[in-house]
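Trainee: What follows is each chain in one-letter form.
There are 2 protein chains.
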Amino acid sequence: MQDIYLDNGATTFPKPESVYRAVDHFNREVGGSPGRSGHERALEAGREVLRAREALAALLGVADASRIIFTKNATEALNMVIRSVLKPGTHAIITSLEHNAVWRPLEALAERNDVAYDIVQCEGDGSLDLVRMHEALRPNTSLIACIHASNVTGNLLPIEEVAKIACERSIAVLVDAAQTAGRVELRPEELGIQYLAFTGHKELFGPQGTGGLFIAPGTDIDPLHFGGTGSLSESPKQPEFLPDRCESGTTNGPGLAGLRAGIEFILKTGVTQIRRHEEELTTRLIEGLLAMDGLSVYGPHDWEKRVGIVSFNLDGLASPELASLLNERYHIAVRAGLHCAPLAHKTIGTLEEGTLRASFSYFNTNEDVDNLLQALREAKKC
Amino acid sequence: MQDIYLDNGATTFPKPESVYRAVDHFNREVGGSPGRSGHERALEAGREVLRAREALAALLGVADASRIIFTKNATEALNMVIRSVLKPGTHAIITSLEHNAVWRPLEALAERNDVAYDIVQCEGDGSLDLVRMHEALRPNTSLIACIHASNVTGNLLPIEEVAKIACERSIAVLVDAAQTAGRVELRPEELGIQYLAFTGHKELFGPQGTGGLFIAPGTDIDPLHFGGTGSLSESPKQPEFLPDRCESGTTNGPGLAGLRAGIEFILKTGVTQIRRHEEELTTRLIEGLLAMDGLSVYGPHDWEKRVGIVSFNLDGLASPELASLLNERYHIAVRAGLHCAPLAHKTIGTLEEGTLRASFSYFNTNEDVDNLLQALREAKKC
Numbered sequence: 088m089q090d091i092y093l094d095n096g097a098t099t100f101p102k103p104e105s106v107y108r109a110v111d112h113f114n115r116e117v118g119g120s121p122g123r124s125g126h127e128r129a130l131e132a133g134r135e136v137l138r139a140r141e142a143l144a145a146l147l148g149v150a151d152a153s154r155i156i157f158t159k160n161a162t163e164a165l166n167m168v169i170r171s172v173l174k175p176g177t178h179a180i181i182t183s184l185e186h187n188a189v190w191r192p193l194e195a196l197a198e199r200n201d202v203a204y205d206i207v208q209c210e211g212d213g214s215l216d217l218v219r220m221h222e223a224l225r226p227n228t229s230l231i232a233c234i235h236a237s238n239v240t241g242n243l244l245p246i247e248e249v250a251k252i253a254c255e256r257s258i259a260v261l262v263d264a265a266q267t268a269g270r271v272e273l274r275p276e277e278l279g280i281q282y283l284a285f286t287g288h289k290e291l292f293g294p295q296g297t298g299g300l301f302i303a304p305g306t307d308i309d310p311l312h313f314g315g316t317g318s319l320s321e322s323p324k325q326p327e328f329l330p331d332r333c334e335s336g337t338t339n340g341p342g343l344a345g346l347r348a349g350i351e352f353i354l355k356t357g358v359t360q361i362r363r364h365e366e367e368l369t370t371r372l373i374e375g376l377l378a379m380d381g382l383s384v385y386g387p388h389d390w391e392k393r394v395g396i397v398s399f400n401l402d403g404l405a406s407p408e409l410a411s412l413l414n415e416r417y418h419i420a421v422r423a424g425l426h427c428a429p430l431a432h433k434t435i436g437t438l439e440e441g442t443l444r445a446s447f448s449y450f451n452t453n454e455d456v457d458n459l460l461q462a463l464r465e466a467k468k469c
Numbered sequence: 088m089q090d091i092y093l094d095n096g097a098t099t100f101p102k103p104e105s106v107y108r109a110v111d112h113f114n115r116e117v118g119g120s121p122g123r124s125g126h127e128r129a130l131e132a133g134r135e136v137l138r139a140r141e142a143l144a145a146l147l148g149v150a151d152a153s154r155i156i157f158t159k160n161a162t163e164a165l166n167m168v169i170r171s172v173l174k175p176g177t178h179a180i181i182t183s184l185e186h187n188a189v190w191r192p193l194e195a196l197a198e199r200n201d202v203a204y205d206i207v208q209c210e211g212d213g214s215l216d217l218v219r220m221h222e223a224l225r226p227n228t229s230l231i232a233c234i235h236a237s238n239v240t241g242n243l244l245p246i247e248e249v250a251k252i253a254c255e256r257s258i259a260v261l262v263d264a265a266q267t268a269g270r271v272e273l274r275p276e277e278l279g280i281q282y283l284a285f286t287g288h289k290e291l292f293g294p295q296g297t298g299g300l301f302i303a304p305g306t307d308i309d310p311l312h313f314g315g316t317g318s319l320s321e322s323p324k325q326p327e328f329l330p331d332r333c334e335s336g337t338t339n340g341p342g343l344a345g346l347r348a349g350i351e352f353i354l355k356t357g358v359t360q361i362r363r364h365e366e367e368l369t370t371r372l373i374e375g376l377l378a379m380d381g382l383s384v385y386g387p388h389d390w391e392k393r394v395g396i397v398s399f400n401l402d403g404l405a406s407p408e409l410a411s412l413l414n415e416r417y418h419i420a421v422r423a424g425l426h427c428a429p430l431a432h433k434t435i436g437t438l439e440e441g442t443l444r445a446s447f448s449y450f451n452t453n454e455d456v457d458n459l460l461q462a463l464r465e466a467k468k469c
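Just so you know, the sequences run in chain order A and B. First residue of the first sequence? That's 88 in the working numbering, and the numbers climb one at a time after it. First residue of the second sequence? That's 88 in the working numbering, and the numbers climb one at a time after it.
Hints are computed from structural coordinates only; laboratory data are not their basis. Fair warning: there could be bad hints in the mix.
The list treats identical chains as interchangeable, and a pair is accepted whether it falls inside one copy or across any two copies.
Below, in silico cross-link-like pairs of lysine-lysine (DSS-like), each with a Cα-Cα straight-line distance of 25 Å or less [to be verified]: (1) Lys251 x Lys174; (2) Lys174 x Lys324; (3) Lys433 x Lys355; (4) Lys468 x Lys324; (5) Lys433 x Lys392; (6) Lys467 x Lys355; (7) Lys392 x Lys251.
Here chain A stands alone, though its shape is the one from the complex (with noise of 0.2 Å):
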């Protein structure tokens, strides 16, 4: 099919050959629901599904594997925390490079809950003045969200500023980590992170359907979704304890063992490494992109401040067109438009038009962007 595969930032692909093994196994192999009985398939799938939490728990530095949580994907992660956090009258804080998992939940509550929340405003290059989230505490607030990088512009936002705000003012923080866990250095409990919500699906290379979020400890959490968990069945309530309070009914048990998978390659690639690699594709794409003309990129160009993600558009050309003449023509997968996040795209001027979007993963290569940069050099041409 697709030859050269730029879409990572909506789904990694290829993922590690072990993760295909992982989801096979499981389903050929395995077979049982985890936690829900006491038969060998049954525990086997369990044990899936707690070498998935605790493989996370060593990827983030989390010291106890159950304040890791499993949903279906970020998404899931981020709506239970917003409703969770904010009760009627109490106020938010999110940055304008926030995605429509953060903002969307956050307007529907305002309709209708008596919630209030402000925007801060991020810069033209995606970064985030700490001054301004300052001015946007009042007295009611009670959650900060902040993407920890932008999906359109690449940016990574300083989360440990951010946290430090929140603590000092006792205001929960949560880090929507969707496109950083797996490919940078992230030690949520060491940060004073309440909630970091993830996808398993991206930088983890699990399979699409996984996703979770870690509550810090001594930190509450109200379940979105409340029903069987295999525990103490005899009662109408949740249960307290984690992660069963926020796991009900059968989980992603293949996934899960994907995921797992995903994360055992990180862990043995290291995360360094892999930063390292993305640094060389994403420093090769955007010198490319520079030094051509008539074509404009976003985001910081300094490497320390971003991601493996690249926004930029090609003067005179819609991104979804260009997207179509890049897989039409060239096999290249990339995203036009929005990404899902049109305050990101307000903040930095693209609303209308929106980007076209390259983003990588470990799996990409030199030629992949070389590639992708003839084929611009190319369609320029057109």
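Could you slot chain B onto chain A? The hints should help.
Mentor: Structure of chain B alone, referenced to chain A:
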């Protein structure tokens, strides 16, 4: 691992070979994010999800496949409806066979949101007296939730009559078809059912991590999660149209590819044929159990009133102990305890001790039944 798997009520195992292949094919060969980009991998991923929706619409006799939305499991679907329909000041009716996936969200809502509910008591054999359902109606009743088949007793409940009672009073009806979709002829649209929740990983033969909800034409639903849908991205509001309205965040592409294959297996085999095979197994088991002394069998003995889920107890031996014995000595997988359905156990008088549950799928054989019966005869002598 296990030789005889009789825990299909928790999750079916094995799945048809085509299910394993479809999941692996999606992961290895498709790999894109459904509905998120315009390149080939993303488009093919979107088609995979559409095919799953259409297969399910064909199975359930639903005219408009977009009225079927996908969730991670039946629990999420049930929570969504309960939260959407029951506004403050309203009242719900459930049966005493409901799973914790209905009882717990209702109890959480009752605790916080000024929602009341009544439980209609079923008989000791699990049957439902509709007169009692009539008696439970109140002027502010907004929802009747009814399980289609109990996951404890195997009873089929009269959902058509329940839907009529609800329809006459413009009350919404929610059917929990977790145990019946795929194994019983089911036409929610014809029956006047507003909401039908299903799971993918039981008798639909899909992988874990899949499930969903049928929403009747003209019936509203509030989403439980808000976020990116790949549609109307510039808006902070969730799209109004289905399925996007209720499918936020990246969906489980590989899981749904597998679910589609599972449903196609059912469509090819025929629900009638599947039900006939289960009748043979279930009748054989019940007759064998009834022929033994010192054994209680729950639920109706008449096949027309049930599905292939059989709960029983051996006098003088706790169900977890017996399950362990069957697992360790005979490599037979069954499920002991309360099956996340304490209301059902209270109904049949087994809340204290639980039951042993043997649950079939199309892949079980008469030999499986005979082996279980032989093991039980031997266990009795221990």
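Trainee: Regarding Lys468 and Lys324, is the shortest C-alpha distance of 25 Å or less found within a copy, between copies, in both, or in neither?
Mentor: neither (65 Å within a copy, 39 Å between copies)
Trainee: State whether the alpha carbon distance between Lys251 and Lys174 is at most 25 Å within one copy, between copies, both, or neither.
Mentor: So Lys251 and Lys174 pass the 25 Å test inside one copy only (22 Å; across, 39 Å).
Trainee: Please work out whether the CA atoms of Lys433 and Lys355 approach to 25 Å or closer within one copy, between two copies, in both situations, or in neither?
Mentor: Answer is neither; intra-copy 39 Å and inter-copy 50 Å both fail.
Trainee: Indicate which option fits the pair Lys467, Lys355 if close means a Cα-Cα distance not exceeding 25 Å: within, between, both or neither.
Mentor: neither (41 Å within a copy, 51 Å between copies)
Trainee: Within, between, both or neither: how does the pair Lys433, Lys392 come out at a Cα-Cα threshold of 25 Å?
Mentor: Cα proximity of Lys433 and Lys392: one copy only (20 Å, versus 59 Å across).
Trainee: When no copy is specified for Lys392 and Lys251, does a C-alpha distance of 25 Å or less occur within a copy, between copies, both, or neither?
Mentor: within (19 Å within a copy, 62 Å between copies)
Trainee: Have a look at Lys174 and Lys324 and pick one of within, between, both or neither, based on CA distance no larger than 25 Å.
Mentor: both (21 Å within a copy, 20 Å between copies)
The structure is inconsistent with the numbered hints 3, 4 and 6, although it conforms to all the rest.
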